[in-house]
Amino acid sequence: MEIEKKTTNKYLISALLIGVVFHGSSIFFTLESTYDALIHLFFADHYASSWFEPWSYSWYTGFTVMGYPPLVHQSIGLLSFIGGLKFGLFTTAIVAVILFITGVFKFALLVTGRRDVAGYAAIVAVFSSSFVETLHIFGQLPSIIGISVLMHALPKIYLWIKTGAYVHLIKAFSLLAVTVTSHHVTPIFGMVFFIFPLIGMVIMDTAKEKSGSYKAVRLKTFIGSFLALLWRIVTFGFGSLLLIITCILPYWINTKNNPITQVPIPHGSRDNFLEVTSSGLVFFLIPWGIILFIMPYLFYRFFSKRYLFFGLSLTLLTILGTGGTTPIPKMILGDNAFNILTLDRFTLWASIMALPIFGEFCYRFVEGDIKDTLQHKFGSIYHRILGGALAGVYIFVCVFTMSLGYFRPSQPQKIKMLPILNFLKQDQHDHWRYLPLGFGDQMAWLSSQTNAMTVDGNYHSARRLPELTSRAVERLENSKFRGVEGIGSLQQFLTVPEKYNLKYVFSNDKFYDPILYFSGWQRLRQLENGIMVWEKLNVPPIPNIIPKQDVSLYLKLMWGLIPMITVVFAFVINIQMIWVHALKTRDHKYPEFFNFSIRYQNFKNYLIKLQHAWVVFLLMIITFGIYLFYIKNATQISAQNVVEAYYDALDFKEFKRAYSYIDPNSNKKEDQYMLEIAVTDGLLSSYAKMDEIVVSILDQTDTTARVKTETFWITPLERIDKVFYHELVKRKEKWYLKPSDYDLDIPPDQLFSQNKTQYYNHGRRKISSEQTYHEDVLKQPVLEVLFANLIKNDTTYTVVGEIQNVDNVPADVVIKATLYTSENTKLVTYNAKDQMKHKLMPKENTSFRIDFEGIAWLDKNEQKPETFNPDEFTPISLADLPVTFNLQCAGNVATTDLYKGLAIVEAVIEKNSLRGTLFNSGVQEVTIPQLIISYYSKEKELIWIDQKYIREGIRPQRKRFFDYELKDLSQLEAISSDMENVFINGLPNKDVAYKVTPNRRKDQKDYKLIPVNGKGYNYVKIEVNNYIGAPY
Amino acid sequence: MNKTLITYSLLIILLVFGFKADDDQKVKQQRVEVQVLDFKENYSAGEKIELVFKANETIEYQLWLKSSYGNVLLKTESNLQDTLLFTVPSFLSKKKGVIHYNLISNQQAFHSGSLQISASHKKTEPLESYLGPTSINAGGKDYGMLTVLPTDEYDNPLEDSTLIAIEHQFLDIETSEELAVDDFIAWKNIFSYEKSGRILVAATSKEISSKEFTIDVFPSQAQNFNLDFRREHSYADGNQIMEFFTSTISDKFGNIISDGRVVEFSIETDTKQQLRTTGTTINGIARGYIVHPNAFATWTVQAFIPQMAESNTIALQFDQAVKDYPIEFSSDNRKVKVGPIRSFMNQILPDGAAVTLYIYKDETLLEKIVKSSSQGKVHFKLSEDFFSSDIYTIEVISMGISKKYDRIKLK
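Chains as they are written, first to last, in numbering that gives the first Met the number 0: chain B, 0 to 1031; chain X, 0 to 410.
Hint data in this document are derived by calculation from the structure and do not stem from the laboratory.
Being a predicted model, the structure only gives us computed values, none of them experimental.
Any given hint could be a false lead.
[As the list claims (entries may be wrong)] Which chain B residues face chain X? A few, computed with CB under 8 Å, are given here: (1) D775; (2) P841; (3) N998.
[Claimed, not checked] Restricting the straight-line Cα-Cα distance to at most 20 Å, the calculated cross-link-like pairs of lysine-lysine (PhoX-like) are: (4) B:K778 to X:K367; (5) B:K304 to B:K603; (6) X:K410 to X:K376; (7) X:K140 to B:K989.
The C-beta atom is built at its ideal place from N, Cα and C for all residues, glycine as well.
Can you build the whole structure from these sequences, using the hints too?
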């Protein structure tokens, strides 16, 4: 064995000590906010609670954990029995650190054959920026453990092929098995990128022994040596293939049974790094770090004859790691693999592969021939300065990487889970599914602490619902970052929640509030950690028996037992041997690869020149990059920049910064500006995220300019575009905006009062864990459908209608429509989304429209829209023509969101546009007003419903203008207005009508209908609905 | 064929041997005499049931019980050799119904009979009862149904024709009706009265009572009502807020309709616009608020409860608050100063009045600029970026007054 020599390797020991202290103490501040760590924690919790059951109901309405190799999760799970899940996580992370440092040591020892050089490599490995990033930013524990154990295996593989001693083969296999069970991608690609070059090196070494020197090795001797070693190579090859297959056989079977058919999810590592500089930083600059500066040396060494194959492998890895910057990676991997793999791992491997040579460089620089040459050529001061700079940059990159998660947090603030856990435990709330919004990866931590299930999940390869897999949506939870696909998926879940037994939404991001409200959800309460709980009425609880995909017992046993067995086996064979050897005092021979170490002397002169030239070149690029960055981000250097900066500040609600761009000579005081901002509310100012801004300069002189600013905003409801005009002025070399006008309207009353009916529902009147008492269950409010019509619009089908709450209490209304063919075959079911008022006061009416939404882009060949549009609608494709429909309407007592203060004070129809004014006559501030426009035929039959959100809110006693373009409905065709199959709370609508409203005044004047000469319609009706952001 | 033959022969052999073995025992046991010792045939649920037999032969006996709950085999508990004591387990003795028994030994029955268990005399309180729906409409047509399932302490239904008194109270009415249990249940429809309010319902059977149940009787469909309004002045200043309110709305039985019902105030203007404001009732009165128009208008107003009731129609008129306002053009005509706009007492019009400026070129509208007044004034600036030097038509509209200037040359 190579470690236990007569002298202890002081470099390795210090590397281990520093590594464990440095990483071991910093993981407590970084690991939990990494991307992946909490996901691994969730899996670990699954194994800790049901070790042999691969099916987890917690996510995605059920998924199998056989989709990810289990070793690391099982280890955390095992350790959790000692000190809890997080103890397990941190312990495993520390073990990973130790494995990585020793792994690099062994790999470097193998490559260089020198213990001092390997020691240097171990020390530089501790602060290697790619390792720091993978651990502290990404949290990819299995990946780290996989590659570390693989590095431990490499010397054994070398020795087996070189010497043919079976003991090495067994050791190699034992370590390879651990690699396989901890990470599946590492051994497969590791074979190609690490083991093939290693085999090449063995052959080269053998050939050298034959020929006497590397220089003398010719192709013929090389092939000769290869043939001589062929049997060992083949034995190893087939053995490891067998291991890869058998150790995680259930994984392969699962992959075959549930192939990944999902739409690829965009990943930063596939970006063009020059275009998306943030991806370039995270996936290229940081992992390479300081190694970038010694690239010439690196490639010079790796393309020496002995390392030739490593050189080729390194080149390939480097190229693959550049993602979408060049088309080459896509050509090498093919479209499919390119879109599934995350390419950052190639850079990680490349940087790890470079570590031994980097260690060698450091050794030669600190105490070897580079030092001598430099001192000889430039004097010792220069060498010291260079050394200081090298160390300085090295430390800077490491610290910068560590602090990335602090300055640019990838996760929302840490959420206190206890109130959520308590909520889920109380009153059987965990009998329904829940959905967290805006939790980031902390949703995995929530899932691992509760038995309640969610429709979402955090391991996207395991997604099963087509609503999720057909879109590039990583999680519903962060759907706002996924544009149309994200919000589209989310809307489907929110519109038809009963399909998934989804009743509770925990919202940590008020961005989603409007879509929740307009889809018919209501606020329940705010938990003490600030999370808003939304609830949907009329959702049945999860059935007692839910389906799962079972697998055979032997697969379960394999999955549960093999990973731990491989660890025990590898431990006994490898570690135990060390002790056995240590006890014996006999001297051991150095392993074979020690024979191939070289003496470092006479560092090449031209290489020093090349290296210097390279560094100067790099520094120039960096300086240029910084300059570009400054020009682009210097906010007031041009008219264009100041407008962009102004909107950026508004977008991030940094109003103080926004004010700093306002002309200081204007009479707008900061307080005044802040006040004006504070009183604006609405979809645009409170729920929009800027998507795009186009600034065009209309007119510019040296000191003034007029610009047109086209802005595009993403809101949860729709994509908004709005054009603003600004005047700019230049003062003291800085551009400023002139302040815009604001609403000057002064309402007549300083203080006024209004009476309002309020409602309260006790829920359970007796505090009891039993089923709610029969007499505490409220009667469902009775509704009545006044009219319903199945409409064909071009190729899509829609049900429109009008419903009234005929009860004496307010109702929350859920309407579900089903279409049938002429043979009464069910075609499709969907719920009414936002084209209706979901909350009705007694006797109030609403029009409603039900679209039948399909799952977008189920057909892979379908062209996806390039731009974002949350309002995007994918009509479902129907197998047959619908002829009849069925409506199931359910009322439940509502006590919230019953504000009716909006009045229509102007409504003028001119040509095809409806222009009007809304007036807020009540005492609450309306955040998002909504117009619901109904279209009627000549016979006053309802034929179409449309809606429009008004972008600005309306404060009490104030007006808001609106414009609406009337539709062209000449294509519409009414198919059926047969109301036979309309049901209210399960009872036929006509029975309800007969019993509850026998004296209905059908002759009443149609006071809401406005006559209009429209395309395909003769009347329109305007109704208003409103969302109140902060009700009281 | 062969296989079938073998199967049949095997079956026959089996049958023959089986019967043979039995025959032996039968012969032997026919001599056993069983005597029934003292026990009755009728019990009430929950009573301890012990069956005692006396047999002249001391062999192993078992008692086979058959009930609606299933079959049970009991072993004898007696120590005396000729007295056989069996205790019926409580899960059977607690259930109302018939238990058949057979005294057997070695699959041979010696004595059989049956026991009748009736419901216990101890009843459970509260009486099991259900009421629904719990909210109905006044007028005597709508009803809630009370269903009573009287049971004993072991949840056995009481025998039919047990008398149940169903009582209810409404205002000062308290009535009681006795019903006999039929097929285990007794039920009654409790119809609403003409008045709205709350009916309390309860049931009693032999000193055992139910919980108190509640039926809320809501007023029924609203009758037509009267509409009225209140405003501070009759000027169309676009600022003051006026109020519409209804008379106290009641149903045809004189009940004031329940709180929260929607009343829509529909306004038809002289320009055929349909305006609307909404109110909800409190104590039968709904109030709707709307801002005054900003120009002369005549409104025809009617209030509706959709397809259920409506008010009379009232007409009201708004007088012009602003009679006129000045407009000043700058020397290059690019700055247009509107105002000061003065209201009906010559006071400065409250801030926020919309002033719209239209710019036409050869009869086509180029631009419409809306600004709101401050201190009664509005300034428009017609930038050269949009309007090159030329001749335009400019129109300013505010507070119902339109002023048009043809052939304005922008320099």
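Taking the hints in turn, this is what the structure says about them:
1. D775: 10 Å, violated
2. P841: This interface hint holds because 5 Å falls under the 8 Å limit.
3. N998: 6 Å, holds
4. B:K778 to X:K367: 54 Å, violated
5. B:K304 to B:K603: 16 Å, holds
6. X:K410 to X:K376: 24 Å, violated
7. X:K140 to B:K989: Distance ~17 Å between K140 of chain X and K989 of chain B Cα, so the pair holds.
Checked against the numbered hints above, the structure violates hints 1, 4 and 6; every other hint is satisfied.
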